[in-house]
Structure formats: C-alpha cells, structure tokens
Amino acid sequence: METVVDKRPRILLFVEDEPDIVELYKIAFEAEGFVVESVFNGQDALSKLKQYSNEDVDRPTVMILDILLPDISGMDILKEIRKNSLFDNTPVIMFTNYSSDKIREEISNIPNTRYLLKMETSPVQLISFVKEMLGLK
Amino acid sequence: MQYIGQNFLFTLSVIVGVMAFLLGLFVYLDDRKSSINKVFFFFNLAAAAWIASVLVAISTNNLEVILFARRLAFGSASFIAFFIYYFSYLFPRPNRNYQFPFWLALALTVFIAILGVFTPYILQNVDLVNLEQINSYGIGYYVFSIYFFGSLISGIYNFISKRRRLVGVEAAQVSLVMVGLIISGILGALTNLVLPKLLGTYSTGQWGPLSVSVFIILSTYALSRHHLFNVKVIAVELLTSAMWLFILFRLLLASSFETKIMDGGLLVVAVVFGALLIRSVIKEVNQRERVGKLALDLETANKKLEGLDAARREFLSFASHQLKTPMTVIKGYATLAADPNYLNSPERIKQIVTKIGESTDQMYRLISNFLDARAIEEGKITYIFKPMDIVKLTSSLVEEFIPYAAKRGLELTFGSSSPSVTVRADEIKFRQVAQNLIDNAIKYTDKGQVKVEIKEEDSSVLFIVSDSGRGIPPEVKAHLFEQFFRERNSVLKTKGTGLGLYIAKEIVKAHQGEIWAESDGEGKGATFVVRLKKE
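Protein chains in written order, with this note's numbering: chain A, 1 to 137; chain B, 1 to 535.
Be aware that a few hints might be false.
Straight-line Cα separation of at most 30 Å, BS3-like style, residue types lysine-lysine; simulated pairs [what the hints assert, rightly or not]: (1) B:Lys-392 to B:Lys-331; (2) A:Lys-102 to B:Lys-447; (3) B:Lys-477 to B:Lys-533; (4) B:Lys-324 to A:Lys-26.
Taking beta-carbon pairs under 10 Å as the criterion, some of the chain A residues facing chain B (in silico) [what the hints assert, rightly or not]: (5) Asp-20; (6) Ile-21; (7) Leu-24; (8) Ala-28; (9) Asn-97; (10) Tyr-98; (11) Asp-101; (12) Leu-117; (13) Met-119; (14) Thr-121; (15) Pro-123; (16) Val-124; (17) Gln-125; (18) Leu-126.
Just so you know, these hints were derived from the structure itself, not from any lab. Note that the coordinates shown come from a computational prediction; the quantities given were computed from them, not determined experimentally. Yeah, the Cβ is synthetic: ideal placement off N, Cα and C, and Gly gets one too.
Generate the whole structure from the sequences, applying the supplied hints.
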C-alpha cells in the first residue's frame with residue numbers, strides 16, 4: 001500500500017509571470033525530485049486545471065500561485081481550485097510580493113492554503129513549507 | 001367690448017412683432033459670427049414682416065392695400081418656412097450626414113415669395129363684405145401650402161432625429177425648440193392658411209401674429225441656455241428699448257405742447273440712463289464670465305493635480321513592487337549558493353552568479369529610471385551635445401541586444417540608408433532613448449521580429465524601431481508618453497516602470513527632436529520613430 005503513493009511523480013504546478021522567479025524555484029524544487037510545471041498567466045492556469053480533471057493526466061501534488069498576474073488574479077484561480085473537489089487534498093501556496101492583510105486574512109480561512117511573501121521566503125524555506133503541508137516532514 | 005378686445009389684440013400683436021424684431025437683432029449683435037444667431041435673426045425678421053403685413057391688412061378698409069398686405073404676408077411666410085428649416089439644420093449643431101443646399105433652397109423660396117407677392121397665382125383677390133375680408137385663392141395656394149408644410153414637417157423631423165442622439169441640456173433645448181415650432185407652426189398655418197381657405201374669410205387671421213410668440217419665447221429660452229447669447233444682456237436691451245418706444249409713442253401722440261416737452265425730456269433721460277444701464281450690465285456679465293472661466297480653469301487644474309497625485313501614489317506602490325522582483329531573485333540565488341545541496345557543480349555556480357548579476361542590472365535600470373524622471377521633473381538634467389554617428393551607435397546597440405532577443409525567440413535586425421550619419425546629440429542620453437525603445441519592442445513582442453532602422457529624410461534623420469508585437473490600442477496611444485502611464489492590461493506583464501517613454505520624450509525634446517508611435521491597433525505591431533536634425 002505505501003509503495004503506491006511513493007512511485008507517483010511529485011508534480012508542482014507553478015503559476016508565476018516572472019520567468020526569473022520561475023527559473024530560481026525550478027532549480028530548487030527539481031533538486032528535491034519535484035517535476036515543475038509552470039504557466040505564466042491566469043488563463044493558462046485555468047486550462048491546466050481543466051486538463052487535470054482528465055483521468056489519465058497526473059495531477060499536481062502541490063500548487064504555488066502568484067497573486068498579481070497579467071490577466072486574472074491568483075485569488076480567482078484559487079477560488080476555482082477550491083470549488084473543485086478533485087483538489088481538496090492538494091495544498092496551495094499563495095506566493096507573492098503583494099503584501100496585504102486583507103488577502104492574508106481571506107486566505108487564512110481557506111483550508112489547506114497558505115500565504116507566503118516571496119521576499120521573506122527563500123527557496124529552501126519554501127521547500128520545507130511544501131514538505132510540511134504534504135506531511136513529508 | 002369687442003372694440004376694446006380687438007384693440008387689445010392689435011396692440012399685443014404689435015408688441016409681439018416689435019419684440020420679435022428686436023430680439024432677433026440683439027441676438028445677432030451679441031455674436032455676429034455665429035450662423036445660428038444669424039439665422040435666428042433672419043427668422044425673426046421674416047416673422048416680424050409677416051406680423052406687420054397681417055396687421056396692416058386688418059387695420060384698413062382699402063382693398064388695394066389689403067390685397068398687397070395679404071400677398072406680402074405670403075412672401076414673408078415663404079421666408080419663415082425657409083429659415084425654420086435652416087434653423088433645424090444648424091441647431092444645436094449642423095447635420096453631419098448631408099450638406100444643406102442653401103442656394104437651391106433660397107432660390108425656391110424667392111420664387112415662391114415672388115409668386116405670392118407679385119402674381120395672383122396664390123392669392124387671387126380679396127373682397128370686403130360687411131367688413132369681412134373674403135378671399136379667393138389661385139392654384140399656387142396648394143404649391144405654397146405644400147412648400148410651407150413640407151419645410152415645417154422636415155424641420156420637425158430634423159429636430160426629432162437630432163433629439164434622439166442628444167443628451168442632457170442639448171436634448172432639452174432641442175425639445176423646447178421643437179415644441180415651439182409645432183405649436184406656432186400649427187396655430188399660424190391654421191389661422192392664416194387652412195381656416196381662411198375653408199371659411200373663405202380672413203376672420204381667424206388676426207390671431208396669427210400671437211402664434212409666433214410661442215416659438216420665439218421657447219427658442220429664445222433654449223438659445224440662452226445654450227449660451228449662444230447672454231440672456232441678461234438681451235433682456236435688459238429688450239426692456240430698455242421697449243421703454244424708449246413707449247415714451248416715443250407717447251411723445252408722438254401727445255396733444256399739448258407741455259406734454260410733448262415733458263415726454264421729450266423723459267425720452268432723453270431714458271435714452272441716456274438706459275444706454276448706461278445696458279453698458280454696465282454688459283460689463284458685469286463679461287466680468288462674471290471671466291471669473292467663471294477662471295474658476296473652471298482652477299477646477300480643471302485641481303482635478304489634474306489630484307489625478308497626478310493618485311497616479312504618483314499608485315506608481316510608488318507599483319515601483320516598490322517592481323523592485324521586489326529582482327530583489328527576490330537575488331536573495332533566492334544567494335540562499336541557494338549558500339546551500340551545498342544546490343551548489344554542486346561549476347555550471348551551477350556560474351548560473352547562480354549570472355542570475356544575480358542580471359537581476360542586479362535590472363534593479364539598477366529600474367532605479368535609474370526613477371531617478372531620471374525625478375531629475376527631469378526638477379529640471380536638473382544637463383546635456384552635453386557633441387557630434388555623434390547615430391548609425392555606429394545604433395548598430396553597436398543592436399549587437400548588444402541580439403542575445404536577449406534570441407533568448408526570447410525573436411529576430412533582431414538593423415539596417416541603415418547610409419553608412420554614417422552625424423547628429424548633434426548627448427551620446428549617453430540618446431543611447432538611453434534608443435535602448436529603451438529597443439528593449440520595449442523586444443519586451444512587447446511575443447513572436448516574430450524587431451527591426452531597427454536609420455533613415456535619412458531631408459535635413460533630419462529618423463531612428464525607427466518596428467516590431468510584430470502586441471501593438472498599441474488607439475486609446476492607449478494618446479497617453480503613451482505621459483509620466484506614470486502604463487497600459488492597464490500590461491501593468492503586471494512586464495518589468496518596466498512606466499517612465500521609460502516619458503524619459504525618452506523629454507530627452508528627445510531636449511535634442512529639439514520629435515518622438516512618436518505608430519500602430520494599427522492591438523496585435524498589429526508597433527513602430528516608434530525618433531526624428532533628430534542632422535548636423
């Protein structure tokens with residue numbers, strides 16, 4: 001029973017419009033054995049979510065979302081994710097430099113979701129938070 | 001009783017006629033250049049002439065005079081119809097979809113007026129039976145009726161179709177004029193055209209002059225609301241001249257010498273003081289208008305300042321957010337570099353160090369832009385103008401950008417109409433402009449190419465950057481070179497500050513050059529051009 005879970009690739013969906021930031025975290029997560037799937041805007045993120053509803057597509061183990069995106073707010077994507085019961089057990093990290101108490105409070109009420117500031121979270125710390133949320137620590 | 005009533009009606013009609021004439025005159029004098037005011041004047045003139053002819057016709061028993069006056073009424077009514085339609089064409093703004101055939105319409109009007117006044121085709125004859133004026137019309141009566149009702153109905157139609165496209169004050173004005181036209185037109189035509197034909201007598205004609213007053217009152221009100229003339233000045237002018245006329249009539253009708261002397265003295269005093277009164281009202285109104293304009297200017301300036309302040313605040317929060325991105329990257333790589341788990345190969349070290357270097361450059365560019373914009377605003381930029389080869393500078397700049405463009409999958413090319421062109425410029429500052437435009441073109445182009453060209457044109461040289469990128473929507477193009485302006489949709493798409501084009505414009509301005517953008521719209525690419533004078 002235990003081996004079944006371990007064999008599946010750990011997929012990270014990273015929604016972020018800054019390529020430099022994507023590259024940075026990709027290096028860190030890949031070194032930890034994650035497969036990083038990245039999209040640069042909200043529309044692409046939504047179509048990814050649709051794809052994941054397919055039976056034969058591997059779903060992400062964790063999702064990291066920026067809030068300020070060029071087209072759709074990361075908060076709206078989060079709402080879509082939390083509406084879908086397929087992702088009930090998928091941890092989501094709202095990862096942004098947009099510091100807002102209102103958004104922080106809003107996120108604190110959503111289960112399995114965290115709010116982290118990019119400037120205050122190094123790649124190593126982020127990995128450790130992800131592992132914690134996945135119960136790997 | 002009937003005599004008094006008729007006399008009263010007659011006096012009232014005289015007043016309406018005189019007022020119509022004076023009102024038209026004053027409105028015209030208030031703004032002689034306005035064609036609406038001019039047409040309004042001619043309309044009132046025609047209406048006054050018509051009222052005068054009707055009044056002459058009902059105040060005499062001389063058949064010849066009656067016939068001529070009645071025919072004159074047809075002549076002036078033709079012009080009333082013409083000016084009604086012309087007014088509906090002009091007010092509040094001329095119809096855009098067609099040109100009024102002024103001369104053709106005027107020729108038709110003159111033809112019908114001549115037919116009415118000098119021939120028996122419209123009004124054949126007038127007879128007096130028991131003091132009632134019996135008329136007999138000719139075949140032209142129908143021509144006239146078609147012409148008159150045609151103008152009236154198309155004038156009303158004009159107003160109705162304009163009314164639909166208007167809102168607010170203008171819509172209300174058009175409604176007022178339209179209602180006035182309908183009431184006056186129907187009453188006037190009924191009392192002097194339709195009923196006289198049906199009854200065979202002019203018994204209803206005496207009411208005609210009063211019908212005109214409805215249109216005059218409503219359109220005057222509408223025009224004054226439109227600020228085509230100053231209602232206060234016109235009112236004072238009207239009242240004063242009414243007073244003068246009243247005293248003048250008294251003077252002319254006075255029987256005794258003493259009364260004549262008294263009324264004459266009164267008239268002189270009234271004229272002098274009336275003129276002074278009109279002058280002072282005009283002065284006061286002008287002053288108030290100036291103050292009003294000043295207040296409006298202040299309000300506009302204040303709004304602009306408020307807008308600028310809001311933009312500045314938004315910009316500050318945006319700028320600090322923009323700075324956080326390269327800082328995050330630098331900090332992130334720095335922590336990775338300190339972790340032996342990640343720093344496991346020479347390639348990795350090189351990658352990390354390069355990334356830190358690139359992000360530092362990006363931060364430097366952002367901060368320089370903020371500082372430059374500040375310096376420009378405070379007038380603290382100094383330029384060192386020297387002869388510079390713009391072809392050489394551009395070509396080396398393009399070389400520098402090729403790897404960056406290639407990384408984004410774009411083709412970057414350079415072409416020049418001649419191998420060397422010298423301009424007088426501050427090399428560092430111009431380089432900044434060129435860099436900014438090329439960088440923008442690459443940033444806003446997702447696929448395709450970016451073309452940089454130098455073209456000579458008479459005594460100037462053009463630096464052109466064109467791309468196959470996202471293009472510029474027309475509403476954005478107007479604000480592109482403003483400080484703090486960022487296209488709303490791209491606020492978070494790019495790394496820019498929203499100051500680049502503002503700085504570029506200011507630098508080009510200091511070079512006595514021009515900068516502009518061309519684009520057929522969203523998704524259709526953009527071209528930025530800088531024009532500098534050749535040395």
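Right, here's what the structure says about each hint:
1. B:Lys-392 to B:Lys-331: The given pair, whose Cα atoms are some 38 Å apart, is violated under the 30 Å limit.
2. A:Lys-102 to B:Lys-447: Given pair Lys-102 (chain A), Lys-447 (chain B) is violated - Cα atoms ~38 Å apart, limit 30 Å.
3. B:Lys-477 to B:Lys-533: It holds: about 25 Å lies between the C-alpha atoms, which stays within 30 Å.
4. B:Lys-324 to A:Lys-26: Roughly 19 Å between the alpha carbons, so the hint for Lys-324 (chain B) and Lys-26 (chain A) holds.
5. Asp-20: Holds, because the Cβ-Cβ distance from Asp-20 (chain A) to chain B comes to roughly 5 Å (cut-off 10 Å).
6. Ile-21: holds, 6 Å
7. Leu-24: Holds: closest Cβ of chain B sits about 4 Å from Leu-24 (chain A), inside 10 Å.
8. Ala-28: holds, 6 Å
9. Asn-97: holds, 4 Å
10. Tyr-98: holds, 7 Å
11. Asp-101: violated, 15 Å
12. Leu-117: holds, 9 Å
13. Met-119: Hint holds; Met-119 (chain A) Cβ to chain B Cβ min 5 Å, cut 10 Å.
14. Thr-121: This hint holds: Thr-121 (chain A) lies near chain B, its Cβ roughly 9 Å from the closest one there, short of 10 Å.
15. Pro-123: holds, 5 Å
16. Val-124: holds, 6 Å
17. Gln-125: holds, 8 Å
18. Leu-126: OK, holds: Leu-126 (chain A) within 10 Å of chain B, min 9 Å.
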